[in-house]
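Listed here are the chains, written in short residue letters.
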Amino acid sequence: MTQMETPRIDSSRLAEISLGSTRDELERREAVFAVADLDVSYGGKAALAGVSLAVYKNAVTAFIGPSGCGKSTFIRCFNRMNDLIVTAKVQGTVLYHGSDLYARDVDPVEVRRRIGMVFQKPNPFPKSIYDNVAFGPRVLGVKRELDERVERCLRQAALWDEVKDRLKESALGLSGGQQQRLCIARALATEPDVILMDEPASALDPIATARIEDLMHDLKREYTIIVVTHNMQQAARVADMTAFFSVEVHEDGKGRHGILVEYDATTKIFTQPADKRTEDYVTGRFG
Amino acid sequence: MHPLTADRRRFGLYLLAWGFAGAALAWLLVTTFIDGLPAIDGKLFTNPPSTLPEEAGARPAILATIYLAVLLLLMTVPIGVGTAIYLEEYANKDRWYNRLLELNIQNLAAVPAIVYGILGLAFIVRGIGLGRVLLAGGLILTLVVLPTVIIAAREAIRAVPDSIRQGGYALGATKWQVVWRQVLPASIPGIATGSILALSRAVGETAPLLLIGALQYVAFDPTILGAFTALPVQIYTWIKLPSPEFQTLAAGAIIVLLLIVLGMNAIAIFLRNRYRQTW
Numbered sequence: 025m026t027q028m029e030t031p032r033i034d035s036s037r038l039a040e041i042s043l044g045s046t047r048d049e050l051e052r053r054e055a056v057f058a059v060a061d062l063d064v065s066y067g068g069k070a071a072l073a074g075v076s077l078a079v080y081k082n083a084v085t086a087f088i089g090p091s092g093c094g095k096s097t098f099i100r101c102f103n104r105m106n107d108l109i110v111t112a113k114v115q116g117t118v119l120y121h122g123s124d125l126y127a128r129d130v131d132p133v134e135v136r137r138r139i140g141m142v143f144q145k146p147n148p149f150p151k152s153i154y155d156n157v158a159f160g161p162r163v164l165g166v167k168r169e170l171d172e173r174v175e176r177c178l179r180q181a182a183l184w185d186e187v188k189d190r191l192k193e194s195a196l197g198l199s200g201g202q203q204q205r206l207c208i209a210r211a212l213a214t215e216p217d218v219i220l221m222d223e224p225a226s227a228l229d230p231i232a233t234a235r236i237e238d239l240m241h242d243l244k245r246e247y248t249i250i251v252v253t254h255n256m257q258q259a260a261r262v263a264d265m266t267a268f269f270s271v272e273v274h275e276d277g278k279g280r281h282g283i284l285v286e287y288d289a290t291t292k293i294f295t296q297p298a299d300k301r302t303e304d305y306v307t308g309r310f311g
Numbered sequence: 095m096h097p098l099t100a101d102r103r104r105f106g107l108y109l110l111a112w113g114f115a116g117a118a119l120a121w122l123l124v125t126t127f128i129d130g131l132p133a134i135d136g137k138l139f140t141n142p143p144s145t146l147p148e149e150a151g152a153r154p155a156i157l158a159t160i161y162l163a164v165l166l167l168l169m170t171v172p173i174g175v176g177t178a179i180y181l182e183e184y185a186n187k188d189r190w191y192n193r194l195l196e197l198n199i200q201n202l203a204a205v206p207a208i209v210y211g212i213l214g215l216a217f218i219v220r221g222i223g224l225g226r227v228l229l230a231g232g233l234i235l236t237l238v239v240l241p242t243v244i245i246a247a248r249e250a251i252r253a254v255p256d257s258i259r260q261g262g263y264a265l266g267a268t269k270w271q272v273v274w275r276q277v278l279p280a281s282i283p284g285i286a287t288g289s290i291l292a293l294s295r296a297v298g299e300t301a302p303l304l305l306i307g308a309l310q311y312v313a314f315d316p317t318i319l320g321a322f323t324a325l326p327v328q329i330y331t332w333i334k335l336p337s338p339e340f341q342t343l344a345a346g347a348i349i350v351l352l353l354i355v356l357g358m359n360a361i362a363i364f365l366r367n368r369y370r371q372t373w
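Chains A and B, in that order, give the protein sequences.
The opening position of the first sequence corresponds to residue 25 in the working numbering, with each subsequent residue numbered one higher.
The opening position of the second sequence corresponds to residue 95 in the working numbering, with each subsequent residue numbered one higher.
Calculated from the structure, these hints are not laboratory results.
All C-beta atoms in this analysis are idealised placements derived from N, C-alpha and C, irrespective of residue type, glycine included.
Warning: the hint list may mix true and false statements.
Below, computed lysine-lysine pairings styled on DSS-like, alpha-carbon distance capped at 30 Å [said to hold, decoys possible]: (1) Lys137/B x Lys113/A; (2) Lys244/A x Lys188/A; (3) Lys278/A x Lys187/B.
Selected chain A positions facing chain B (in silico; Cβ < 10 Å) [claimed, not checked]: (4) Ala112; (5) Val130; (6) Val133; (7) Val135; (8) Ile139; (9) Pro148; (10) Pro150; (11) Phe159; (12) Glu186; (13) Arg190; (14) Lys192; (15) Cys207.
Calculated from the model, a selection of chain A residues having no Cβ within reach of chain B, i.e. all distances over 10 Å [unchecked claim]: (16) Arg162; (17) Gly279; (18) Lys292.
Could you build all of it, start to finish, from the sequences and the hints given here?
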C-alpha cells in the first residue's frame, strides 16, 4: 500500500544511524523467543509458512515486507492473539524463555499479561486517561499504589507532562499521537517483558511518529520490542535486527502465503542483504 | 426538466406526507386534551374507579401501570442483555442452534401482542396457576418486549468496535473481563435507549392484559400477586360506558398515559444524547 513512496535507502546515511549492533553481539544475548517451523493458517488457507527465528532480549526486532506477507499474522503469534480467531491454526513451536508458548497447560490470558501489544490504529478505551492505564493492573487485581504505577507508565511513555492535569478526562479527547503513547503506557502498566507493536506509527503524522520511535529507543533498555512496520526507514532507524518477509505464490497459482526470506542485523539487511529479494525490496525495486 | 425542480417537487411531496401525518397526530392530541383536561384533577390520581363519574379516579390503574413498568424493567433488561451478550460475544454462528435462536428472536419481535396474551393465559395464568394477577401481566408483557430489547441490545453491543475488545485481550483480560468492563459499559447508552423505548410501547399494550383478565373495576391499590387493572384497560373500560362524563375521564386517563410514555421517551433521548459515543 504505502510501498509506492518507498525511497532508496542511502547507505551512507545508514552508517550514521546504524545502531552498531552486529548479529554476533546480539546472539550472545538471551533469546526471549525462539520460533521454529511456524505455520499459520486461517480456515485451512496458509497465511505464513516455515518461519524460524530468534528474538533477542533488550533489542528492537523489526518485521518488514510487502502487504500480505504475513508479518502482522506472525507478530500476533507471540501473544497468542490468533487464538481469538476461531479458524486460525498455529503449528510449529514458539519458545518463550525456553518454554513452549503453545503448550497445553499455558493460559493465553497469562501470556498476554507478560507480552504487551500496541495496535496499528490507536485504540484507547472510551474511559478516562487514568482508567485506560489502570485497566491492565485492575484486571490483574492490583489495587495498591495504582496512582504511582499509572504515573510511572505515563512517564515512561513520555506522555505524563501532557496529561498530568487531566487524568480524569476522556482518552478520546487526546490527539492520535497522544492516544498511541497512551496505548503504550497502558501496555507497560501490566509490567510486561516484551512489547509487540503492530505498525504503531502508520496512522500518525511524522512528528508523532518520531516520538514513538524515540520511545522505542528508550524502552528497549527495559523491554524487548518487536515491531511490524511498512516503513523501511523506520526499521532502519529503530531496529537492531530486521526480518524481511515476502509473499510466495503457490505452485498452482491460486493460493499465496508469507515466508521469511532473510533475518539479520538491520545494518546487514539494508546494506549487504544476502538474498536478491531482500535487496530488491530495500532498494525499492519491488514492493 | 431541470434537476433542481424535480428535487423541489419531491421535497414538496415529502413535506406533504409529513404534514399529513403531523396534522393527524396534532388533531388527535388537541381533541384529546380538550376532552380530557377537565378530568385532570386531584381525584383522577387519588380515587379508585366508581360508578359515579364525579367520584371516579384511576389511582389503581396508574399505580399498576407504574408497577408493570418497573417489573418489566427488572425482568426484560437482565434477560435481554444477557441474551444479547451471549449471541454477540459467545455464540458460535456456525452452530445450527445459535442460528435457530437468532431467527426465532427476529420472528418473535414481529408476533402480535395478543398472541402472547393467549400464550400467557394458557401457560402463565392457568398452566403454572399464577392466576390473573399483576405479576402474570408483567410476565406476559415481558414476553412481548423481550425480542425488541434483545435486538436493541445486540445493536448496541455490535456498535462497540472490535479494536476495544482486542485492546482488552492484549492487556491480559479474560473474555468475561472484556465483556463486563469494556463492551458492556460502552454499550449501556444504546441498551438503555432501546430498552426504554420498548418498555414505553409495552406500557400502552391493552390486548394481552384484557385477554388474561385484568379487572375492569379495581377499587384498591394493586399488589404484585393481586388482581389488577392498568391504564390502557381502564381507558378501554371507561370508553365503553355510555355516559359522557366517563368519556371525559377516559380522555383524562389517555393524557396521563401519554405523559408517562412521552416521559419515558424523553429519558431515552436524554440518555442517547448525553452518553452518545463516537469512535
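List, from low to high, the hint numbers that the structure doesn't satisfy. 1, 4, 5, 12, 13, 14 and 16
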